[in-house]
Amino acid sequence: MSLLVARGLTVSATLGEARVPVLRALNLSVAPGRVLGLVGESGAGKSMIGRAIAHLLPPGFAITSGTLRFDGRDLLRMPAARRRSLLGRDIAFVPQEPLTALNPVLTIATQMDEHFSHLGVTSRMERRKRAMAALEAVHLPEAEALLRRYPHQLSGGMCQRVLIAMAFASRPRLVVADEPTTALDVTVQARIVELMRELQQRDATAVLFITHDLRLAAQVCDDIAVLYAGSIVEQGPARRVFGLPAHPYTRCLQLAIPSMKGPRRALYALPEQMPGLRAIARMEGCRFAPRCPIAQSECFTAEPPLHGTEHAAACFFTDWISAIELPDTPRPPAHARSEAPLLEVSGLSKHFASGGLLRRSQTVAVRKADFIIAPGEFLAVVGESGSGKTTLGRLLMGLERPTFGRIVLAGREVTRGAGAARRHRVRTAQMVFQDSQSALNPRRRVGAIVTQAMEASWQHAPRDVRMQRARELLAEMGLAQELASHTPAQLSGGQRQRVNIARALCVVPKLLVADEIVSGLDVSVQAQLLNLLQRLRAELDFAMLFISHDLAVVRHLCDRVLVMYRGEIVEQGPTEAVFSAPQHEYTKALLAAVPAEL
Amino acid sequence: MPRWLHSGRAIAGLVLALAVLLAALLAPIVAPHDPNEQDLLNTLLPAAWQAGGTRAHWLGTDALGRDVLSRLLYGARVAITVALLAASGAMLLGSVLAIIAGYFGGWLDWLIGRAVDVWMSFPPVVLSLILMTGLGVGERNVILAIVLVDWTRFCRVLRSEVIVVARRDYVTAARLVGFSHWRAITREVLPATIPLLVTLLTLEMGIAVVVEAILSFVGLGVSSNQIAWGQMIADGRDAIYQAPWNLLAPVLAIFITVAAFNMLGDGLRRTLDVRMIEGRA
Numbered sequence: 000m001s002l003l004v005a006r007g008l009t010v011s012a013t014l015g016e017a018r019v020p021v022l023r024a025l026n027l028s029v030a031p032g033r034v035l036g037l038v039g040e041s042g043a044g045k046s047m048i049g050r051a052i053a054h055l056l057p058p059g060f061a062i063t064s065g066t067l068r069f070d071g072r073d074l075l076r077m078p079a080a081r082r083r084s085l086l087g088r089d090i091a092f093v094p095q096e097p098l099t100a101l102n103p104v105l106t107i108a109t110q111m112d113e114h115f116s117h118l119g120v121t122s123r124m125e126r127r128k129r130a131m132a133a134l135e136a137v138h139l140p141e142a143e144a145l146l147r148r149y150p151h152q153l154s155g156g157m158c159q160r161v162l163i164a165m166a167f168a169s170r171p172r173l174v175v176a177d178e179p180t181t182a183l184d185v186t187v188q189a190r191i192v193e194l195m196r197e198l199q200q201r202d203a204t205a206v207l208f209i210t211h212d213l214r215l216a217a218q219v220c221d222d223i224a225v226l227y228a229g230s231i232v233e234q235g236p237a238r239r240v241f242g243l244p245a246h247p248y249t250r251c252l253q254l255a256i257p258s259m260k261g262p263r264r265a266l267y268a269l270p271e272q273m274p275g276l277r278a279i280a281r282m283e284g285c286r287f288a289p290r291c292p293i294a295q296s297e298c299f300t301a302e303p304p305l306h307g308t309e310h311a312a313a314c315f316f317t318d319w320i321s322a323i324e325l326p327d328t329p330r331p332p333a334h335a336r337s338e339a340p341l342l343e344v345s346g347l348s349k350h351f352a353s354g355g356l357l358r359r360s361q362t363v364a365v366r367k368a369d370f371i372i373a374p375g376e377f378l379a380v381v382g383e384s385g386s387g388k389t390t391l392g393r394l395l396m397g398l399e400r401p402t403f404g405r406i407v408l409a410g411r412e413v414t415r416g417a418g419a420a421r422r423h424r425v426r427t428a429q430m431v432f433q434d435s436q437s438a439l440n441p442r443r444r445v446g447a448i449v450t451q452a453m454e455a456s457w458q459h460a461p462r463d464v465r466m467q468r469a470r471e472l473l474a475e476m477g478l479a480q481e482l483a484s485h486t487p488a489q490l491s492g493g494q495r496q497r498v499n500i501a502r503a504l505c506v507v508p509k510l511l512v513a514d515e516i517v518s519g520l521d522v523s524v525q526a527q528l529l530n531l532l533q534r535l536r537a538e539l540d541f542a543m544l545f546i547s548h549d550l551a552v553v554r555h556l557c558d559r560v561l562v563m564y565r566g567e568i569v570e571q572g573p574t575e576a577v578f579s580a581p582q583h584e585y586t587k588a589l590l591a592a593v594p595a596e597l
Numbered sequence: 000m001p002r003w004l005h006s007g008r009a010i011a012g013l014v015l016a017l018a019v020l021l022a023a024l025l026a027p028i029v030a031p032h033d034p035n036e037q038d039l040l041n042t043l044l045p046a047a048w049q050a051g052g053t054r055a056h057w058l059g060t061d062a063l064g065r066d067v068l069s070r071l072l073y074g075a076r077v078a079i080t081v082a083l084l085a086a087s088g089a090m091l092l093g094s095v096l097a098i099i100a101g102y103f104g105g106w107l108d109w110l111i112g113r114a115v116d117v118w119m120s121f122p123p124v125v126l127s128l129i130l131m132t133g134l135g136v137g138e139r140n141v142i143l144a145i146v147l148v149d150w151t152r153f154c155r156v157l158r159s160e161v162i163v164v165a166r167r168d169y170v171t172a173a174r175l176v177g178f179s180h181w182r183a184i185t186r187e188v189l190p191a192t193i194p195l196l197v198t199l200l201t202l203e204m205g206i207a208v209v210v211e212a213i214l215s216f217v218g219l220g221v222s223s224n225q226i227a228w229g230q231m232i233a234d235g236r237d238a239i240y241q242a243p244w245n246l247l248a249p250v251l252a253i254f255i256t257v258a259a260f261n262m263l264g265d266g267l268r269r270t271l272d273v274r275m276i277e278g279r280a
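In the order they appear, the protein sequences are chains A and B. No gaps in the numbering here: position 127 of the first sequence is 126 in numbering that gives the first Met the number 0, and each next residue is one more. No gaps in the numbering here: position 152 of the second sequence is 151 in numbering that gives the first Met the number 0, and each next residue is one more.
To be clear, the hints were calculated from the coordinates, so they are not data collected in a lab. Every residue, glycine too, gets a C-beta built ideally from N, C-alpha and C. Possibly wrong hints are sitting among the right ones.
So the derived list for chain A, only partly shown, Cβ under 7 Å to chain B, looks like this [as the list claims (entries may be wrong)]:
(1) Ile320
(2) Val425
(3) Phe432
(4) Ala438
Non-contacting residues of chain B with respect to chain A, defined by C-beta distances greater than 12 Å in every case (computed) [as the list claims (entries may be wrong)]:
(5) His32
(6) Asn35
(7) Met119
(8) Gly135
(9) Val176
Just need the whole structure built from these sequences, with the hints factored in.
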């Protein structure tokens, strides 16, 4: 007997005059005690399901047909008061952004008290006792002290624990978790997932786990539903879906994820990206066909139904999936050059002063960093947020002044970045930013952005020379030339990140500092970018400092790795060696937190 | 059609402002009389449509027999000149300081911020009266006084906008590809603040018209051989019952001009302000 059942659920958005479906005739069921994972890339419509359950569809979106039943009762047609009494009590939610989900001006005690009084606990003492018990259930130590705190005094992981405690406090029968760990560090993510699993098993709760992370889904979920462009393309037990995918999309995603085990392999990069809502509405046949490696002519005319009983997939050519092969991209040889190092950093430290005149305190962001980067070498910096990785990158680029230490770049000291040292740095090192939206001036055209370096000198490069270079760069990035006249707002996330990289490569630097440039992107776009970086490396021969929290990506891309913990480099060495035989406790914890393989 | 023209408010304001501007420009051609020509036999004539009025003086004459309509038209010249120059001057001074404070931050920001605080603690009208007493009357000094009083308005608002824009990664990226500070400011920071600047400028023009009228009213405005609406109000007060249009005409003129600038500014703010656009989407 399933607890939550969706039959033919269709959610439509009103775009101008037209109504276009965001979710199309969805059939889902979650049984008590089971965890159903909804996976898919951004734009697939996964969050819409959670929102439909919560009755919180964004303006312009509406459920146009189908049913959604919870425990046999129709969630869509029941009176609002009935639904309100179900939501928060029998159906609980764990949000994506723990820090914004809590009210910043109320203490944890007040918020938990409110929650329990909403649940109908009348006695104040009883509410307090329940709150303490709930916090203990999520393994938060010193619950008493914690209750007196405000959300900003807690870490993201602790906030998420508080929210999970609140969600599970009413012993709900269904928990909807929408990307509950996306905003958290890897090590924290592992603990949160473990905790949710523990609470879920304690009460035999049904969980709808919405995520873009396939590895995480494989680890957490019993069943999986893969969404593409508003439809379920594959559904079944997690083991079978990931063990032997029956839909080419699932297979391609699986091949797009870098692996933590075995020899390093190439990544499968699906071309293009998921079509937008309007494009989907106009499509005929299988929505995935234009990107599908095994699509046949009939895929473009007829839409395959979801077939199969336990493990179902919407594809005509399920048997051909095994024919999807990885492209044979030879990896560039490992860099074992004996030349002089490109970058030499010694004793580099950065202290931030804070507080007033009397109570001055110092935060050490980076402490005595020593490392080198050889020409053409890809060096990764890993660590959790607040470990100083970003500050390290900014120090190298001269965006922060080092408190101590020196930086020698291509044979010249650039520690104090002014005058000639700055010009030297501009020629030798460039940076790619994490947030491609903020890194591209919305008022400029792509052609002008990528050739910005040519605008910097007082002698202006003539317009046609710039446009020529812009076209070269775009071609190099695998982008269409017409994009040169577009504004950043007209590009997709993946395209924007390519433009971002193109700008840094305009003058062909010897060193690229890349701060989390593939995080927050969809798996297929991430694979495209990683393949691109490898091709560019072979063609342009630059070195890179690659700041990342994703160890599998690091393993895929980088030759050596630095592990940072609380501002200190606690371990460094060749990637393979560090990952297979970690020495420092923190490195071990970091590696243990990575979800198992698909 | 540019986006700001979709706003009815902005169009109405623009049309009215252009009408005032046109009146100022064409005053020598369309004015029926020399504004300073005295006709002591026909003083305090009522408007043409009132009893005793004459077609020769549409809005009547003042206590010295000067044509009110002509004076009104010539008065627009001072009002518009002061509005344009004083507002631009205040914008220039205020935004230069705002950009220095917002872009570079640190002790410069602190210094400029405290200067603005101190400056704004003086009541603006009192401050401008004191300045005019020190500087002496004259059109140029009126403009100077308004600039010196009102630059803080630009400085404070623009500074916060510059802080937001200057912390964007694309400004850092421009510096990293070798842009000088000057180039980063002019190419990356300033264009993002232009909608705000245009809006503030228009609103400031309205304020400048009012301040100029106040100063002229108390006799600390333009020199006595120039015609200003504030002065006309001061002159018209005594004859309010015999020739009400002596007073009403300049009051209405100020009202229309200020309303025009405010409507234009408000319309621009609603159409150009990114936050308001995003809020609607």
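Status of the hints after comparison with the structure:
1. Ile320: 41 Å, violated
2. Val425: 4 Å, holds
3. Phe432: Holds, because the Cβ-Cβ distance from phenylalanine 432 (chain A) to chain B comes to roughly 4 Å (cut-off 7 Å).
4. Ala438: For alanine 438 (chain A), the interface hint holds, since the closest Cβ of chain B sits about 4 Å away, which is under 7 Å.
5. His32: 51 Å, holds
6. Asn35: The claim holds: asparagine 35 (chain B) sits with its nearest Cβ about 50 Å from chain A, beyond 12 Å.
7. Met119: 25 Å, holds
8. Gly135: 45 Å, holds
9. Val176: 4 Å, violated
When the structure is compared with the earlier hints, violations turn up for hints 1, 9 and for no others.
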